[in-house]
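Each of the two chains sits in its own frame; use the hints to bring them together as a complex.
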Amino acid sequence: DAGVIQSPRHEVTEMGQEVTLRCKPISGHDYLFWYRQTMMRGLELLIYFNNNVPIDDSGMPEDRFSAKMPNASFSTLKIQPSEPRDSAVYFCASSLAGARNSPLHFGNGTRLTVT
Amino acid sequence: AQRVTQPEKLLSVFKGAPVELKCNYSYSGSPELFWYVQYSRQRLQLLLRHISRESIKGFTADLNKGETSFHLKKPFAQEEDSAMYYCAPNTGGFKTIFGAGTRLFVKA
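Heads up: the sequence lines are chains A and B, in that order.
So in our numbering, spot 82 of the first sequence is number 151, and the numbers just go up one at a time.
So in our numbering, spot 62 of the second sequence is number 65, and the numbers just go up one at a time.
Source of the hints: derived by calculation from the structure; they are not laboratory data.
Since we're looking at a predicted model, the values are computed, not measured.
Note that beta-carbon positions come from the ideal geometry of N, C-alpha and C, so glycine has one too.
Don't take each hint at face value.
[As the list claims (entries may be wrong)] Cβ pair distances, simulated, as ranges:
#1 A:81 / B:63: 37 to 47 angstroms
#2 B:69 / A:182: 37 to 47 angstroms
#3 B:12 / A:91: 25 to 35 angstroms
#4 A:130 / B:12: 14 to 24 angstroms
#5 A:153 / B:19: 42 to 52 angstroms
#6 A:158 / B:57: 24 to 34 angstroms
#7 A:166 / B:65: 23 to 33 angstroms
#8 B:57 / A:119: 36 to 46 angstroms
#9 A:156 / B:108: 23 to 33 angstroms
[Said to hold, decoys possible] Derived SDA-like pairs: lysine to any residue, alpha-carbon spacing no greater than 25 angstroms straight-line:
#10 B:60 / B:20
#11 B:25 / A:132
#12 B:98 / A:157
#13 A:93 / B:100
#14 B:98 / A:82
#15 B:98 / A:183
#16 B:98 / B:20
#17 B:12 / A:136
#18 B:12 / A:111
#19 B:98 / A:128
#20 B:98 / A:83
#21 B:98 / A:136
#22 B:98 / A:130
#23 B:98 / A:99
With the rest of the complex left out, here is chain B (with noise of 0.2 angstroms):
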C-alpha cells in the first residue's frame, strides 16, 4: 500500500540548531518528492520539490532511495521557521498523499 510516514508530531529545538525532519514513504515506482509548509494563519504552500534540487529559506531534502526516505534539513532553524511541515509524494496519475505532517517550534 501506499504510505508516507513523518514519524514525529512535534518537533521543538533551539534557534540556531540544526533541525531535520523525517520522512518516509512506501510506494511501488518512483514517485515526485515534495515539502510543503503552513505558517500560522497562511495556506499550505510549496516549500521545496526533489526535482529542483534546490535550497529554499536555506531547507534542503535528499532523497534516499535506499532508505525510501526524504528527509527536510536546516543547519540553523531560524524562529519564523515555525510551522508545519508536510512531506507529499506524488504518485502517477498527479495524485499527491500527504504525510501526517509534522509541527515544528523553534524556541528563541
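Just chain A, with the same shape it has in the complex (with noise of 0.2 angstroms):
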C-alpha cells in the first residue's frame, strides 16, 4: 500500500482564493482525520470521519473551512476565501476502527502558504 496520499505537497495562492486541498485514505481504513500544524499552535485536529460520515469538525476554525468525504477514498478541505493566517501544514491521517490502539497513519502533507 502506498499509504496516505496528499495533493499537493505545496500550494502557494493569494489572499482571498479558494484552496482545495486533496487526501487518498489507506484502502480499508474507516477513519479519516484533518490536522493543521503550525508552530505557535502544534498539531491540531480539525475534523475526522467515520465511514465518510464526519462525526467532529469541532476544531474547524470558521466557516471559512469545510471537509468533504464523498466516498471511502476520496477527502478534501477547502478554505473558501483564504487568509494568510491560514498558513500551516495540512495533514490527513487514517485509521483502521476496532480497537482503540489502532494507530493514525500520515499522510507527507500539504504545506500552503497563503500571501
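In C-alpha cells, the structure reads:
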C-alpha cells in the first residue's frame, strides 16, 4: 500500500482565493482525520470522519473551512476565502477501527502558503 | 477539559546521554497512549503505543496513572534520534489529540 496520499505537496496562493486540499486514505481504513500544524499551535485536529460521515468538526476554525468525504477513498479540505493566517502544513491521516489502540497513518502533508 | 501537556518545546542532549521527553495528560476515563515522531522532511509516524509495552529504537514509555504521565525515555541518545516527538492520547471515539510536541536535538 502506498500509504495515505495527499495532494498537492505545496500550495501557494493569494489571499481571497479558494484552496482545495486532497487526501486518499489507506484502503480499508474507515477513519479519516484532518490536522493542521503550525509552529505556534502544534498539531490541531480539525475534523474527522468515520465511514465517510463527519463525526466531530469542532476543530474547524471558522466557516471558511469545509471538509467532505464523498466516498471511502477520497476527502477534501477546502478553504474559501483563504487568509494569510491559514498558512500551515495540513495533514491527513487514516486509521482502522476496531480498537482504540489503532494508530494513525499520516500523509506527507500539504504545505499551504497564503500571501 | 481534555488536555495533553509536553512542557519542553526543545530538548538538547549530547550523544550517549539519557533522554526523557515528558508528557502529562488530563482526561476522564482511560485513554490509549501513543508517541509519534516526525523526522526531518518525513511524515509523522507512530513510534510506540502503551498497550504494546514495546521498546522501539531503544525508546520506552511508562504510563503512570497516578501522575497521569506517559514520559518517553531512552538511556543513550543517538544523533539519528533528533526529531519532533508528539505525545498523543486517543480518547473514546478514536479521537487523537496531540501535545504541542518536543523537538529533540542530539549533539555529537
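Hint check:
With their beta carbons about 42 angstroms apart, residue 81 (chain A) and residue 63 (chain B) fall inside the hinted range of 37 to 47 angstroms. Look at residue 69 (chain B) against residue 182 (chain A): about 45 angstroms separates their beta carbons, and that is inside 37 to 47 angstroms. The given range of 25 to 35 angstroms is respected by residue 12 (chain B) and residue 91 (chain A), whose C-beta atoms sit roughly 31 angstroms from each other. Separation of residue 130 (chain A) from residue 12 (chain B) is about 23 angstroms and conforms to the stated range, judged on CB atoms against 14 to 24 angstroms.
Separation of residue 153 (chain A) from residue 19 (chain B) is about 44 angstroms and conforms to the stated range, judged on CB atoms against 42 to 52 angstroms. Restraint check, residue 158 (chain A) to residue 57 (chain B): a C-beta distance of roughly 28 angstroms satisfies the suggested window 24 to 34 angstroms. Distance hint check for residue 166 (chain A) and residue 65 (chain B): the Cβ-Cβ separation is about 28 angstroms, which falls inside the suggested range of 23 to 33 angstroms. Roughly 27 angstroms separates the CB atoms of residue 57 (chain B) and residue 119 (chain A), a value that falls outside the hinted 36 to 46 angstroms.
Range check, residue 156 (chain A) to residue 108 (chain B): about 25 angstroms between beta-carbon atoms, so the 23 to 33 angstroms window is met. With a C-alpha separation of about 15 angstroms, the suggested pairing of residue 60 (chain B) with residue 20 (chain B) holds against the 25 angstroms cut-off. With a C-alpha separation of about 35 angstroms, the suggested pairing of residue 25 (chain B) with residue 132 (chain A) is violated against the 25 angstroms cut-off. Using a Cα cut-off of 25 angstroms, the hinted pair residue 98 (chain B) and residue 157 (chain A) holds, with the two alpha carbons roughly 21 angstroms apart.
Between residue 93 (chain A) and residue 100 (chain B) the alpha-carbon distance is near 21 angstroms, which keeps this suggested pair within the 25 angstroms criterion. Restraint check: the Cα-Cα separation between residue 98 (chain B) and residue 82 (chain A) comes to about 31 angstroms, which exceeds 25 angstroms; the hinted pair is violated. For the proposed pair residue 98 (chain B) and residue 183 (chain A), the alpha carbon gap of about 29 angstroms is over 25 angstroms, so the pair is violated. Distance hint between residue 98 (chain B) and residue 20 (chain B) is unfulfilled; the C-alpha atoms sit about 35 angstroms from each other, more than 25 angstroms.
Between residue 12 (chain B) and residue 136 (chain A) the alpha-carbon distance is near 31 angstroms, which puts this suggested pair outside the 25 angstroms criterion. For the hint linking residue 12 (chain B) to residue 111 (chain A), the alpha-carbon distance of about 10 angstroms falls within 25 angstroms, and the restraint holds. As the CA atoms of residue 98 (chain B) and residue 128 (chain A) are separated by approximately 11 angstroms, the hinted pair is consistent with the 25 angstroms bound. Note on residue 98 (chain B) and residue 83 (chain A): the hinted pairing is violated, with a Cα-Cα distance of about 33 angstroms set against a maximum of 25 angstroms.
Our distance criterion of 25 angstroms between C-alpha atoms is met by residue 98 (chain B) and residue 136 (chain A), whose separation comes to about 17 angstroms. Of the pairs offered as hints, the one joining residue 98 (chain B) and residue 130 (chain A) holds, with about 17 angstroms between alpha carbons and a cut-off of 25 angstroms not exceeded. Only pairs whose Cα atoms come within 25 angstroms are accepted, and residue 98 (chain B) paired with residue 99 (chain A) is accepted, the gap being roughly 13 angstroms.
Against the hints set out earlier in the document, violations occur for numbers 8, 11, 14, 15, 16, 17 and 20.
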